[in-house]
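K.L.:
Spelled out from the first residue to the last, the chains are:
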Amino acid sequence: MSHSPSLPAKVRARDINVHYGDKHALKHVDLDIHAHEVVALIGPSGCGKSTFLRCINRMNDQVDSARVTGLLTLDGDDIYDRAVDVVQLRARVGMVFQKPNPFPKSIFDNVAYGPRIHGMARDQAELDEIVMTSLERAGLLAEVRDRLDEPGTSLSGGQQQRLCIARAIAVSPELILMDEPCSALDPIATARVEELIDELRENFTIVIVTHSMQQAARVSQRTAFFHLGELVEVGDTEQIFTNPQHPLTQGYITGRFG
Amino acid sequence: MSEHTVKSFDEELSHLSNTIARMGGLAEAQLGAALQALGNRDSDLAVRVVAADAQVDELEQEVQHFTVRLLALRQPVAADLRQIVAALKIASELERIADYAANVAKRALVLNQQAAVKPVGAVINLARLVQSILKDIMDAYVEQDVDKAIGVWNRDEEVDDLYTGLFRELITYMMEDPRTITACTHLMFMAKNIERIGDHATNIAETLHFLVVGTPLKGSRPKGPSVEAP
Ligand SMILES: Nc1ncnc2c1ncn2[C@@H]1O[C@H](COP(=O)(O)OP(=O)(O)O)[C@@H](O)[C@H]1O
Ligand SMILES: [Mg+2]
Chain P
1 MSHSPSLPAK VRARDINVHY GDKHALKHVD LDIHAHEVVA LIGPSGCGKS
51 TFLRCINRMN DQVDSARVTG LLTLDGDDIY DRAVDVVQLR ARVGMVFQKP
101 NPFPKSIFDN VAYGPRIHGM ARDQAELDEI VMTSLERAGL LAEVRDRLDE
151 PGTSLSGGQQ QRLCIARAIA VSPELILMDE PCSALDPIAT ARVEELIDEL
201 RENFTIVIVT HSMQQAARVS QRTAFFHLGE LVEVGDTEQI FTNPQHPLTQ
251 GYITGRFG
Chain L
1 MSEHTVKSFD EELSHLSNTI ARMGGLAEAQ LGAALQALGN RDSDLAVRVV
51 AADAQVDELE QEVQHFTVRL LALRQPVAAD LRQIVAALKI ASELERIADY
101 AANVAKRALV LNQQAAVKPV GAVINLARLV QSILKDIMDA YVEQDVDKAI
151 GVWNRDEEVD DLYTGLFREL ITYMMEDPRT ITACTHLMFM AKNIERIGDH
201 ATNIAETLHF LVVGTPLKGS RPKGPSVEAP
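Protein chains in written order, with this note's numbering: chain P, 1 to 258; chain L, 1 to 230.
Bear in mind the hints are in silico, worked out from the structure with no lab data behind them.
On a predicted model such as this, the values are computed, not experimentally measured, just so you know.
It is possible that some hints are incorrect.
[Said to hold, decoys possible] A few chain P residues that face chain L, going by a derived Cβ cut-off under 8 Å, partial list only:
hint, residue
1, Tyr80
2, His211
3, Met213
4, Phe241
5, Thr242
6, Asn243
7, Gln250
8, Ile253
9, Thr254
10, Arg256
For each residue, glycine too, the CB sits at the ideal point set by N, CA and C.
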């Protein structure tokens, strides 16, 4: 497989619980995510996939009612340690959302935004370099090279999503979280993003939430199935889709649910 | 297993396994009839067996088209995927089995032109064993019974032993009475065909194990008849 189990996990989640007020949304989740693997999170709506994803970059901090307990580490560092600077954390853990959400700025400035905030470039030449490399890695450069000053919102949906991916990778994160990144895209744009995900795996670790079982099967090396806030089964994607061990997983992926 | 949210998929899957069961029944009947033609020196029946082989071929085609359609339109996974892939494989095993049965019938036609020879009985014995194995494996398929499948898998050794014995017997017979060489040579090929049917039944057992359990049937089966048998 893609990872060696002997390597320490990139992300380690132990006994993660999330409450939104009285609602116990995530229950005792243990999950390891290894470097350079794509992990797909699947499960019916409301099972806690996005909640789990949002724990990793501490987006749940912004939800007043949310309470997160358990241990979550990134390269061994406790993500929820008091000393952690959340802005720095989000530079290490990038996020791509369901709907492409480019800033109302030029294509160039969308990608330059993060590197500027984090002071990653000493001069304009370095910034140009980062922006171009990021666009290139996101498979978008050829399409936008001549229109970098145009607004990001002038791009097609699929291009906008790749722009958001370029924006996410511009700050050289280690981990990229994607929450249903293709659900607003047509099949061709989806295929391009999926191909991109596979390429990005070389340099990044990716956790992707997807409603499409085929997408999970196509892009991920491991798949985790959530149900009612619990992590029911996690395994090599091939195993999950040919021989799932838990009846709930079997029921969900074969469309025999409820 | 509980039902799919999409009911028509359930219907398609059961149509698929029914077609396999029908194919199995047809292959069993073909082998039975070929043996009857051989035992009773019934050339009419042998001719009918040879002609009926086309029906099995047709069913195999039908299974092929249907499975390709299911793969394309349903994108099956897990147990569904295994069921469809297994059907495709089992259909091709059954097609081979029926081919061998038809070949036995063809040779029975030739044998009926010759004087009767004694080892016919021994060939029929071997065939009876293989027939019961074939019946068991198709029952195991319908019942999704892995233990029964493993039982079939283990019985292939019996077939190989019986075949090896029969082979010696035929050689002895031919040496004692060279006038029987033509008939005995046909019987030898028939025995080989019947032994191959046993191998294909064993393959079905392996596929069935994968279908039900999701993992390959482990361990090495004593492979093929030993010593002088080809
Ligand atoms: N901000 C929130 N406030 C209250 N409940 C929430 C909030 N976000 C999610 N939930 C609840 O937590 C559960 C898990 O939601 P979510 O993680 O979004 O599921 P998924 O991404 O798998 O569809 C759901 O029952 C949802 O209603
Ligand atoms: Mg969600």
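K.L.:
Run every hint past the structure and note whether it holds.
P.N.:
Hint by hint, here is what the structure shows:
no.: 1; hint: Tyr80; result: 36 Å, violated
no.: 2; hint: His211; result: 14 Å, violated
no.: 3; hint: Met213; result: 7 Å, holds
no.: 4; hint: Phe241; result: 5 Å, holds
no.: 5; hint: Thr242; result: 6 Å, holds
no.: 6; hint: Asn243; result: 3 Å, holds
no.: 7; hint: Gln250; result: 5 Å, holds
no.: 8; hint: Ile253; result: 5 Å, holds
no.: 9; hint: Thr254; result: 5 Å, holds
no.: 10; hint: Arg256; result: 5 Å, holds
In summary, the structure is inconsistent with hints 1, 2 from the numbered list given earlier, while agreeing with the others.
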